[in-house]
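*Asks:* Now for the letters of each chain:
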Amino acid sequence: MLVPLSWLREFVPYQGTAQELGDRLTMLGLELEGITNPFAGLEPIVVGHVQQCGKHPEADKLSVCRVDVGNEVLDIVCGAPNVRQGLKVAVVKVGTTLPNGLTIKKATLRGAPSCGMICSEDELGLSDEHDGIMELPQHLTPGQPLLEALGLDTEVLDISITPNRGDCLSILGIARETALAFSLPLTLPEAKLVETDQPAADAVSIHIEAPELCPMYAARVLENAPSAKSPDWLRYRLHAAGVRAISNHVDVTNYIMLELGQPLHAFDLETVRGAAIHVRGADQDEKFTTLDNKTHTLNPADITIRDAERIVALGGVMGGLNSEITDKSSRVLLECARFNPSNIRRTARRLAQHSEASYRFERGVDQLNADYVLNRAASLMAELSGGTVRKGIVKAEPKPWQAPAITLRRQRAVDLLGVDMPTAFCESTLTTLGCRLQAGPAAQTANVACPEIWQVTPPSYRHDLACEADLIEELVRVYGVDNIPPVLPGIIKPLEDTGKPEPAHAFRTRIKHWACGLGLNEAVNYSFVSHKELDFLGQPAEGRISIMNPLSDEQNVLRTHLAAGLLQNLRTNIAQGANGVRLFEVATSFVAAPQTETTAQESTRLAVLLYGNRFDGAWPQTQAEHDYQDIKGIVEHLARHLHLPALSWKQETVAPWLAPGVGIYAGETCIGYAGRVKPALADAFHAKKPVWLAELFLDVLYTMHLTQRIRFAPMPTFPAVRRDITFMCPHGLEVGAVLACIQSQKLPLLADVKLIDLFEPKGGEERNLTFRLTFRHSEKTLQDAEVDKMRDMAVSRVCKELGVRV
Amino acid sequence: MNLIDQLNALVPAFEESLAKAHTLPQVEELQTAYLGRKGQLAGLMSRLPELTPQERPLFGKSANAVKERLQASMNARLATLNAAQEEAELARFDATLPGRAPWQGTLHPTTLVMEEICSVLTGLGFDVISGPEVETDFHCFEALNLPKDHPARDMQDTLYVTDSIVMRTHTSPMQVRAMLERKKPPLAVIAPGKVYRRDSDITHTPMFHQIEGLLVDKNVSLTHLRGILTAFVRQLFGKDMQVRFRPSFFPFTEPSIEVDISCILCGGKGHVGSTPCRVCKTTGWLEVLGCGMVDPAVFRAVGFDEECTGFAFGLGVERITMLKYGITDLRIFFENDLRFLSQFA
Ligand SMILES: [Zn+2]
Chain D
47 MLVPLSWLRE
57 FVPYQGTAQE
67 LGDRLTMLGL
77 ELEGITNPFA
87 GLEPIVVGHV
97 QQCGKHPEAD
107 KLSVCRVDVG
117 NEVLDIVCGA
127 PNVRQGLKVA
137 VVKVGTTLPN
147 GLTIKKATLR
157 GAPSCGMICS
167 EDELGLSDEH
177 DGIMELPQHL
187 TPGQPLLEAL
197 GLDTEVLDIS
207 ITPNRGDCLS
217 ILGIARETAL
227 AFSLPLTLPE
237 AKLVETDQPA
247 ADAVSIHIEA
257 PELCPMYAAR
267 VLENAPSAKS
277 PDWLRYRLHA
287 AGVRAISNHV
297 DVTNYIMLEL
307 GQPLHAFDLE
317 TVRGAAIHVR
327 GADQDEKFTT
337 LDNKTHTLNP
347 ADITIRDAER
357 IVALGGVMGG
367 LNSEITDKSS
377 RVLLECARFN
387 PSNIRRTARR
397 LAQHSEASYR
407 FERGVDQLNA
417 DYVLNRAASL
427 MAELSGGTVR
437 KGIVKAEPKP
447 WQAPAITLRR
457 QRAVDLLGVD
467 MPTAFCESTL
477 TTLGCRLQAG
487 PAAQTANVAC
497 PEIWQVTPPS
507 YRHDLACEAD
517 LIEELVRVYG
527 VDNIPPVLPG
537 IIKPLEDTGK
547 PEPAHAFRTR
557 IKHWACGLGL
567 NEAVNYSFVS
577 HKELDFLGQP
587 AEGRISIMNP
597 LSDEQNVLRT
607 HLAAGLLQNL
617 RTNIAQGANG
627 VRLFEVATSF
637 VAAPQTETTA
647 QESTRLAVLL
657 YGNRFDGAWP
667 QTQAEHDYQD
677 IKGIVEHLAR
687 HLHLPALSWK
697 QETVAPWLAP
707 GVGIYAGETC
717 IGYAGRVKPA
727 LADAFHAKKP
737 VWLAELFLDV
747 LYTMHLTQRI
757 RFAPMPTFPA
767 VRRDITFMCP
777 HGLEVGAVLA
787 CIQSQKLPLL
797 ADVKLIDLFE
807 PKGGEERNLT
817 FRLTFRHSEK
827 TLQDAEVDKM
837 RDMAVSRVCK
847 ELGVRV
Chain B
89 MNLIDQLNAL
99 VPAFEESLAK
109 AHTLPQVEEL
119 QTAYLGRKGQ
129 LAGLMSRLPE
139 LTPQERPLFG
149 KSANAVKERL
159 QASMNARLAT
169 LNAAQEEAEL
179 ARFDATLPGR
189 APWQGTLHPT
199 TLVMEEICSV
209 LTGLGFDVIS
219 GPEVETDFHC
229 FEALNLPKDH
239 PARDMQDTLY
249 VTDSIVMRTH
259 TSPMQVRAML
269 ERKKPPLAVI
279 APGKVYRRDS
289 DITHTPMFHQ
299 IEGLLVDKNV
309 SLTHLRGILT
319 AFVRQLFGKD
329 MQVRFRPSFF
339 PFTEPSIEVD
349 ISCILCGGKG
359 HVGSTPCRVC
369 KTTGWLEVLG
379 CGMVDPAVFR
389 AVGFDEECTG
399 FAFGLGVERI
409 TMLKYGITDL
419 RIFFENDLRF
429 LSQFA
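The listed protein sequences correspond, in order, to chains D and B. Note that the working numbering has the first sequence beginning at 47, numbered continuously upward. Note that the working numbering has the second sequence beginning at 89, numbered continuously upward.
Among these hints, one or two may not hold up.
Unchecked claim - Pairs of lysine-lysine residues, derived as DSS-like cross-links and limited to a Cα-Cα distance of at most 25 Å, are as follows:
#1 D:LYS578 / D:LYS437
#2 B:LYS306 / B:LYS282
#3 B:LYS412 / B:LYS327
#4 D:LYS437 / D:LYS238
#5 B:LYS271 / D:LYS546
#6 D:LYS578 / B:LYS155
#7 B:LYS369 / B:LYS327
#8 D:LYS445 / B:LYS236
#9 D:LYS696 / D:LYS539
#10 B:LYS149 / B:LYS108
#11 D:LYS275 / D:LYS374
#12 B:LYS272 / D:LYS539
#13 D:LYS578 / D:LYS546
#14 D:LYS151 / D:LYS238
#15 B:LYS271 / D:LYS539
#16 D:LYS696 / D:LYS792
#17 D:LYS238 / D:LYS539
#18 D:LYS546 / B:LYS272
#19 B:LYS108 / B:LYS155
#20 D:LYS735 / D:LYS724
#21 D:LYS539 / B:LYS306
No lab work stands behind these hints, which were simulated from the structure alone. Note that the structure is a prediction, hence the values are computed from the model and not measured.
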């Protein structure tokens with residue numbers, strides 16, 4: 047909301063600075079966004095008097111003028127058609143730069159010297175008018191600065207108004223708050239209305255057919271009021287308030303809206319057929335063309351203003367092309383109504399027709415102020431156009447304004463705010479805000495004044511005051527919320543809240559710390575990706591959750607997995623020259639679940655991406671690239687960290703972008719998958735080296751982890767005996783198969799078996815796998831002979847079953 | 089020279105040679121030459137039969153004395169040489185060689201700040217809760233006193249999944265769920281998480297992080313809200329941090345308050361030296377969070393007694409993170425450039 051300070055001062059005698067006012071209003075909940083000067087740059091412009099004006103001898107269209115600018119008389123060549131002797135004009139002297147960037151220099155135009163420029167409104171940024179120079183009032187003194195001479199609004203406060211404070215979308219509303227803040231009187235401008243004997247009711251009748259859409263509709267009628275250009279003061283004031291001037295009648299409706307907060311609409315009464323106005327919802331699929339020449343298809347929730355035959359306006363949103371004020375209009379029907387805010391909002395949103403008027407109707411206008419608004423607007427219109435105002439206001443009001451009655455308990459305010467709210471303070475504050483107070487019912491029956499409970503009737507412009515809490519907010523707003531002292535409360539918890547398992551959030555945080563400690567870098571990506579990206583990775587279309595109104599096609603679907611985001615990050619980092627990338631992310635993935643409450647199944651995942659060098663430096667680290675065993679080792683490390691049972695790994699189809707893909711299982715439960723991104727896909731992310739990914743289902747891990755307990759096992763007393771055996775295995779025989787074959791024998795003293803070396807002779811058909819078998823007896827030291835016997839049993843079984851050689 | 093004199097003459101000869109021996113092998117060589125099985129001492133000892141029986145005990149005694157003396161001299165020399173060698177090794181040691189460190193892991197700065205905030209608040213007695221990111225209109229808006237067609241919905245530009253399902257625009261639906269689940273006070277929870285808005289420019293990203301706090305109990309007042317927030321801000325930014333309350337509007341709180349803290353850059357002075365502060369634009373204050381007393385309409389929607397008292401607050405994590413680390417560009421948070429991430433080790 048733009049508030050010119052000089053306009054505000056017409057309502058309230060505030061003498062302080064704009065900054066001080068803005069600061070006070072901010073602390074009342076009306077936040078100052080800034081202070082601007084809409085006429086910035088016009089300071090050097092002065093009033094000039096054209097003493098002489100003659101034709102340029104060499105150019106028909108130019109005039110040579112002698113212009114008095116107070117302390118000197120300048121020769122100025124002017125090309126405007128309306129320049130003439132005796133005019134008072136706006137002059138810019140040599141050396142000055144105009145708001146449009148033009149710097150005035152001393153010049154010679156076809157032989158005639160010119161020491162300055164006489165300006166048009168366009169050149170000063172005041173309007174688009176560039177057909178001629180400004181013609182200033184005759185009473186101005188040459189040499190006077192233009193800003194001062196015209197009394198322009200050079201200080202404008204930009205105040206942000208929260209949605210609940212529709213009453214502050216006007217100079218009047220801000221003036222009320224200013225009066226409150228500085229204890230100043232509020233004065234409303236007088237509406238000096240002269241009416242003719244002809245009743246307005248003879249010219250038009252009003253019929254509200256849908257009171258729930260429109261509780262009140264009032265109008266005045268002006269006759270012989272030609273449309274014309276508005277006077278400068280009005281046009282410049284609208285300019286200061288950020289509104290473009292159009293013509294007198296339209297400008298007055300805008301002016302009054304900005305001043306009093308009530309949107310108005312002016313119809314050309316000649317176009318209103320049957321001298322009648324009807325208000326009701328549109329018919330289904332009814333067509334209507336608004337004055338911006340757009341045709342809309344309406345429905346019954348759209349409020350229409352109609353004459354005897356057709357729609358003439360979309361109530362509260364926009365007027366019609368068929369009834370708008372034109373240059374030829376001279377009979378004006380001035381509308382002042384209140385519409386249902388929800389309907390206005392729905393219509394404005396659906397048709398994308400947001401306007402200053404709909405904005406105010408959505409937030410609620412003051413039904414009781416309609417007469418004053420109409421009187422002030424009609425008198426101004428009559429004054430500017432020379433027209434007359436018919437007698438009386440034509441009004442239909444099927445639902446008169448009814449203020450809520452709110453019970454306010456002083457003690458409740460004290461309890462909620464934690465500070466004392468003295469009776470006198472409560473009463474004076476609410477009264478100053480325009481509320482009517484009555485001692486509560488308890489007091490009335492006892493026939494004594496009860497200062498502790500009041501029945502409060504808020505003013506008709508404060509639609510936000512609807513319950514006790516709203517009134518308490520008003521009390522503390524005036525008391526000063528910043529005067530509330532801090533008190534640290536003791537938070538008391540019920541005993542049943544104790545002994546609960548680790549919360550999911552704490553678990554996720556712990557996982558992040560584990561990953562960080564392991565040397566991974568945490569990434570955070572948007573939850574949305576593009577359908578295109580998912581298609582590219584081969585993600586099936588079913589199960590995706592689309593965004594209805596995405597900001598862009600890059601963000602039009604929720605991610606079903608975390609790989610897409612990490613691959614984007616990989617591209618970013620490769621572009622920055624990274625040789626090794628080790629990222630992780632803990633985030634939610636989304637899959638459609640139409641039967642659930644939110645239609646989405648959300649699961650938390652941990653994703654790890656490994657790419658390129660295992661270490662970023664060179665020596666002393668060994669140089670090697672990440673491979674499958676790195677990603678697997680990380681997952682195994684996590685499983686041990688969470689005390690999970692040993693994992694099993696199965697090469698299978700897990701995700702369309704991974705080959706090989708490996709399913710990861712804890713017992714029968716799949717806890718996630720890992721694999722290498724297909725080179726063709728990785729290439730699109732500029733990855734020339736293998737990209738390894740793992741995605742783990744954290745919700746599953748969380749549940750499993752909760753059931754795991756650490757149990758101490760006594761340390762073995764007797765030493766273990768180890769035997770290493772190397773098998774020559776054909777390619778395709780998995781290490782896991784050999785391990786399984788040895789373990790399945792359930793040798794009683796075999797404590798552990800693991801692969802300790804792998805050697806692939808070049809060009810061979812085999813690889814050499816060396817396993818270490820660890821034997822231990824819990825009650826004695828084993829003899830070499832018995833260990834060798836068991837080793838031989840294990841070896842011969844493997845050789846026989848798997849067809850390998852030792 | 090008799091045998092005993094010869095024996096005694098070994099000592100100065102040996103010591104003279106030792107003094108010239110500068111390496112361990114040289115010392116070992118001397119050891120062999122004098123003390124070895126075929127060394128000079130052994131050679132003299134072997135001539136014992138040449139002596140008379142009366143001379144022998146004296147010779148034996150002298151031989152032992154000489155042997156001990158030679159041993160002692162040699163050990164002393166060895167110690168000196170060892171010490172010199174250790175010293176030489178220490179002199180060659182280079183403490184500035186690079187370490188063989190594992191890769192440096194990092195947490196995202198929003199994680200660091202969220203965790204810090206959560207730990208301050210859990211320390212004050214709040215429990216951490218979680219909730220869905222795709223939400224129903226009811227949990228995200230209706231229950232929070234944001235009916236359909238209400239202008240306050242303009243305050244949060246929403247991303248829709250369907251007409252009645254949205255990407256949560258704030259963390260507040262988690263407090264709705266917590267109250268619905270708990271059914272009655274007391275309740276003290278915080279809800280950190282991602283939130284979504286249809287907004288993208290230099291100061292807005294379509295996804296960001298919030299932390300919601302809710303305390304509902306008997307006799308909770310605005311002074312308590314200020315107490316909790318003051319404690320929280322001091323923990324996060326230091327003891328001298330001032331907190332300012334300003335009236336505002338949120339549909340789900342009444343009264344509603346916007347909280348400012350002293351500007352981190354200029355310390356609330358509005359200027360750094362004589363230059364105007366770019367962070368607070370000379371106001372000396374920075375807006376960090378919104379809060380208020382829970383609106384009775386919210387209690388009504390979740391089936392709590394309307395006479396309950398409680399407060400709620402919600403703060404933007406990225407905003408605090410930017411202030412804390414002096415980050416000036418919001419979009420850098422989600423690019424995951426390692427040059428950015430690696431700074432938060
Ligand atoms: Zn500052």
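*Asks:* Determine for every hint whether it applies to the structure shown.
*Replies:* Comparing the hints with the structure gives:
no.	hint	result
1	D:LYS578 / D:LYS437	violated, 67 Å
2	B:LYS306 / B:LYS282	violated, 31 Å
3	B:LYS412 / B:LYS327	holds, 15 Å
4	D:LYS437 / D:LYS238	holds, 14 Å
5	B:LYS271 / D:LYS546	holds, 18 Å
6	D:LYS578 / B:LYS155	violated, 93 Å
7	B:LYS369 / B:LYS327	holds, 23 Å
8	D:LYS445 / B:LYS236	holds, 23 Å
9	D:LYS696 / D:LYS539	violated, 48 Å
10	B:LYS149 / B:LYS108	violated, 29 Å
11	D:LYS275 / D:LYS374	holds, 12 Å
12	B:LYS272 / D:LYS539	holds, 12 Å
13	D:LYS578 / D:LYS546	violated, 43 Å
14	D:LYS151 / D:LYS238	violated, 49 Å
15	B:LYS271 / D:LYS539	holds, 15 Å
16	D:LYS696 / D:LYS792	holds, 23 Å
17	D:LYS238 / D:LYS539	violated, 66 Å
18	D:LYS546 / B:LYS272	holds, 19 Å
19	B:LYS108 / B:LYS155	holds, 20 Å
20	D:LYS735 / D:LYS724	holds, 11 Å
21	D:LYS539 / B:LYS306	holds, 12 Å
Checked against the numbered hints given earlier, the structure breaks hints 1, 2, 6, 9, 10, 13, 14 and 17 and satisfies all the rest.
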